[in-house]
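A.B. asks: One-letter residues, chain by chain:
Protein chains: 2
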Amino acid sequence: MTLYLLPNALHPDSSPSMWCPEALTLLVNRLDGIIGESEKPMRQYLKNCGFQRPIASIPQRLLNEHTSAEDLAALVDEIKAGGVWGYVTDAGLPCIADPGSLLVRKVRAAGALVQAFPGASSITQALILSGCTGQKFTFHGYPPKDQHEFQLFLKEIEQKGYTQLFIERPYANIRCIEQLRSVLKPSTWLTVVLDIGTAQEEVVHLPISYWKERDLAPLNNRPAVFVIG
Amino acid sequence: MTLYLLPNALHPDSSPSMWCPEALTLLVNRLDGIIGESEKPMRQYLKNCGFQRPIASIPQRLLNEHTSAEDLAALVDEIKAGGVWGYVTDAGLPCIADPGSLLVRKVRAAGALVQAFPGASSITQALILSGCTGQKFTFHGYPPKDQHEFQLFLKEIEQKGYTQLFIERPYANIRCIEQLRSVLKPSTWLTVVLDIGTAQEEVVHLPISYWKERDLAPLNNRPAVFVIG
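Protein chains in written order, with my numbering: chain A, 1 to 229; chain B, 1 to 229.
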């Protein structure tokens, strides 16, 4: 009984030739079951990886923010029963900014082997593209939703003196940058990395004083990672 | 003029079928020059990626902790002069726990495009394998060398309440874990992820009280990432 943490593309439009090496195709074809964040992207993942059997022939289970403790326990029992299972999310690596780490702990505690196939994460891609130091960094996931708490969060991370990363839902990009412009010091550098892993990938790396002059409309609704440092 | 940040294997023994998808082979064959951390691994990288021309035919430059400011400026001038350049380190992604971020900033400031090919980092692989939360985490690079400062560092990160990662030179693994055992609370969980990306990959995930009983000899001299959380 083995659970494989499997990498997905950074963006649904990425060609498998960008992220699916031969050994991943071989591994996916050996799976006895797969766990995904949502149904359609999970089936698309199997196709993208060159899954040879009929898609409907492999057990497919869901794990996401709606999964109850009972459903998770049933999932762990199914993995314990044997075979090689894969776990994949809709983009990048599983277990980062999603509830997957709980599955890993429970599966390992149940005596199964947990392995990870190497793959990319939009967080590290944003980090290296930003030009900010990668010697020390914090990833904060999604920042607080409440406006006042978000402002306190920004003031706190601005003081840290090393690279700070967070993500936001694409529809909230403009509102988020407007807050960043109003709270951060004019000399603080803000890097926004957009559409990572696609032909439209773009890095905007400017001090806040320059961000204030910037038209934000072209940044609307594009997956983004925010880097301060 | 473009600088591509290129992913390498997580471990020199990893088969290219684990980490080199088709599009990376195509990209490496388009390079007009390559920058690496050290000479032999850089040549091996070109071979592993399926480089078709004679290895000696492509300009090869070094960037590492011995690179002077003058050498870096010369490198930026060479990239500015045109063509597609690649930058690779000895393992994983460049610009994490190495001086590459300075190259990225200087090349971008000189007007060149910086792009990143998606790839794995041992930090995110260790994070997802650890079962510790990936919703928020800090990577600290190499911890302080001085014993007293290292102990203060450990006490500080133990308080943080979210996932903390650091790396150590493989020859120092045992000395490092002995310190962790003596400084951290018995109930604190320490995960050590060894030989990431190889067939020998191993995850040891235990509270400090259990680590105290553990024979450390099998952990000696193996590349490791340390995770507290």
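A few of these clues could be false.
It does not matter which identical chain is meant; a pair holds if it fits inside one copy or across any two.
SDA-like, lysine to any residue: derived pairs with alpha carbons at most 20 Å apart [what the hints assert, rightly or not]: (1) Lys40 to Tyr210; (2) Lys160 to Gln135; (3) Lys136 to Asn29; (4) Lys160 to Asn220; (5) Lys136 to Ala112; (6) Lys145 to Gln135; (7) Lys47 to Leu31; (8) Lys136 to Glu158; (9) Lys106 to Ser187; (10) Lys155 to Pro207; (11) Lys47 to Lys136; (12) Lys80 to His205.
No lab work stands behind these hints: they were computed from the structure.
A.B. asks: Each hint should be assessed against the structure and marked as holding or not.
C.D. replies: Hints, one by one, checked against the model:
| no. | hint | in the structure |
| --- | --- | --- |
| 1 | Lys40 to Tyr210 | neither (41 Å within a copy, 43 Å between copies) |
| 2 | Lys160 to Gln135 | both (14 Å within a copy, 19 Å between copies) |
| 3 | Lys136 to Asn29 | neither (38 Å within a copy, 33 Å between copies) |
| 4 | Lys160 to Asn220 | neither (28 Å within a copy, 34 Å between copies) |
| 5 | Lys136 to Ala112 | neither (33 Å within a copy, 26 Å between copies) |
| 6 | Lys145 to Gln135 | between (29 Å within a copy, 15 Å between copies) |
| 7 | Lys47 to Leu31 | within (13 Å within a copy, 31 Å between copies) |
| 8 | Lys136 to Glu158 | both (14 Å within a copy, 17 Å between copies) |
| 9 | Lys106 to Ser187 | between (46 Å within a copy, 18 Å between copies) |
| 10 | Lys155 to Pro207 | within (15 Å within a copy, 34 Å between copies) |
| 11 | Lys47 to Lys136 | neither (37 Å within a copy, 32 Å between copies) |
| 12 | Lys80 to His205 | between (47 Å within a copy, 19 Å between copies) |
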